[in-house]
Amino acid sequence: MNEVLDIKNWYLENFKGFENSLNGASSGFIHQLRKKAIRSFEDLNFPTTHDEEWKYTNIAPLLMHNFIPSGKATNLSKGDITKFLFDDLNGSLLVFVNGYYVNELSDLRNLPKGVVVQNFASALKENYSIVQKYYGKYADYKNHIFTALSTAFIKDGAFIYVSDGKILNDPIHLLFITSTKNDKILVQPRNLFVAGKNSQFKILEHYVSLDEDTYFTNSVTEIFTDENAIVDHIKLQEESKKAFHIARMEVNQEKSSNFTSHLISLGGGIARNDINSRFNDEGGECMLNGLFLTSGTQLFDVHSMIDHAKPLCNSHEHYKGILDDKSRGVFNGKVMVRRDAQKTNAFQENNNILLSTEALINTKPQLEIFADDVKCSHGATIGQLDADSMFYLKSRGIPEDIARGILIHAFASDVIKYIKIDPIRNYLENILENKFNKN
Amino acid sequence: MLEIKDLHVRIEGKEILKGINLKVNTGEIHAIMGPNGSGKSTLAQVLAGREEYEVTKGEIIFKGKNLLKLSPEDRAREGIFLAFQYPVEIAGVSNTNLLKTALNEARKYRGEEELDAIEFLSLIKEKMKLLEMDQTLLNRSVNEGFSGGEKKKNEIFQMAALEPTLAILDETDSGLDIDALRIVANGVNKLISPERSTIVITHYQRLLNYIVPDFVHVLYKGKIVKSGGKDLALELENKGYDWLKEKNSEPVKS
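Chains as they are written, first to last, in the working numbering: chain A, 1 to 439; chain B, 1001 to 1254.
Because the hints were derived from the structure by calculation, they are not lab data.
Glycine included, each C-beta is placed from N, C-alpha and C at the ideal position.
Careful: at least some of the hints might be erroneous.
Said to hold, decoys possible - Only part of the chain A face toward chain B is listed, based on derived beta-carbon distances under 8 Å:
1. Asp324
2. Asp325
3. Gln384
Claimed, not checked - Beyond 10 Å from chain B on every Cβ pair, some chain A residues (computed):
4. Phe15
5. Ile30
6. Tyr134
7. Ser389
8. Ser395
9. Ile398
10. Ile402
11. Ser413
12. Asp414
13. Ile421
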């Protein structure tokens, strides 16, 4: 317990240094929030497995390190990052290194008037009123220690604002690279995406690392979708297998808005994702899709909550896990249907394949329904690759490793088929067919 | 081509095959008949390499090689094809993907170039025509939502595309109406050549009107109790299996 206290003090001490470094920039509402958040951080405790929401995810290993809050980007060349880019992706590219925007590595395309794609630090200067209106409104720091940590140390991240009626066809690629150079760092990107009425855009939030090192990513993303907006969000997490990845995404959905999330989790030693969406008005659509592949001693955890606060909304949630070796997975999906939320349609499913006898999944679908005229379903399955299918493929001359790849790909296909950005879907299909080859 | 010597096979501790001897020469068609539970499908599965079956005694030589030492995929690439009695449904894997992978793995194994998309497609179209299959089946998941007849046609379609040297048809006729039976049999007959051999496992004589065997064997209680020419099948059709059972010393369970 003392160690945990030491870690808290460590971050509190670091905050003092951080605050001093801000110098004149320490005025304004952002800093007021920082100060409030650090007080919350001080009051809150790091979760243990005694907390219901963290029952199967023990973060003790995370608290054994004194991670140093990253203060700047390290120098990288364009050559260092090409392997993380997709050839046929034509939208704007924003590159962040260790949490900080690097203009030289980024590629901002011409955008229509009324569309802003920039880093958070710039948005604070150039689009202060929009930031002030939405920032910190959806990701509550008072009850979440990791969000408190993020809010206290906020410096940079991605900011997207698409005003009413604007449509972006090409997806925006947000590339978060960690390059530790042997330092144990804490990287905290903080993202804010605002979709105006009738607007549409697609985002790829992409986490990678240059070194297979130990570090800590703590990201928070807030998304506001106004009336009739369509937002398609893909998160591709390919961090170091030794890294800690704690992420939270909070989505606010206004009338008839349509939000889709695809979470593809491949990396991280411990990867915890909190994904929450709230229907703030009628007619909304929310799809939460996810696929996680774990091996070695990786631990993947997704906690989601879809809050049907208003009537006539549809939600569709489907997470699939493929677990190998001694890896572990946690799925906890909560669907809340409040008393007023009549004519709610909510579907939730979690399917898992265990490829080894030592892999483990804890799955917990939760429906809380307070309305009486709704259609809700949920289900969870845990299984192995089907032996009959395997033999059938082999009897056609297909070797075991390729047959495994085909069956794993087939298992994942009904999640990844919804990814509408071809280069990303192709990239995933390739990974799926090859990752579990034992040769 | 194939020689089975004194084959004993067990599954879950129960002995199913109790000393099978069978020799299939190149170009021959052999029919294996017998009542339910006699071990016909076990023999087919063992030949294809299903791991659940334990070979306790005997050997199988295929083209001079010890078949029992080969993995299922190597047996297939050496030229064995089993048309399943119950074809497996595989959601999310298209027929095209299965066939293309299988064909190219076989070609790689033989040291040949892989087929390109156009070559593959023209081959596939030709074989589909042979079996009067609808092309939309190509993009559908393997056997998923197929009718019984479509599944059996799909097996023979795969066989036609893979061109095995030893084809084993396990109750391919069961559940087929007369039109489907004719189409399936026609597909099988198109493949018959002096270089290939076929083992037809069936319950009924009906299929043998279309695929005419050189030899007929009766499998009963894990042993071949009688062998003969194609006339034996007709005799079985008329007299049933009981006269063979009586000749067997052990009592028969119904």
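Hint check results:
1. Asp324: 19 Å, violated
2. Asp325: 23 Å, violated
3. Gln384: 15 Å, violated
4. Phe15: 50 Å, holds
5. Ile30: Consistent with the label, Ile30(A) stays out of reach of chain B, its closest Cβ about 47 Å off (over 10 Å).
6. Tyr134: 40 Å, holds
7. Ser389: 5 Å, violated
8. Ser395: 5 Å, violated
9. Ile398: 5 Å, violated
10. Ile402: 6 Å, violated
11. Ser413: 4 Å, violated
12. Asp414: With a cut-off of 10 Å, Asp414(A) comes too close to chain B, as the shortest Cβ separation is near 7 Å.
13. Ile421: Given that every Cβ of chain B is farther than 10 Å from that of Ile421(A), nearest at about 20 Å, it holds.
The structure is inconsistent with the numbered hints 1, 2, 3, 7, 8, 9, 10, 11, 12, although it conforms to all the rest.
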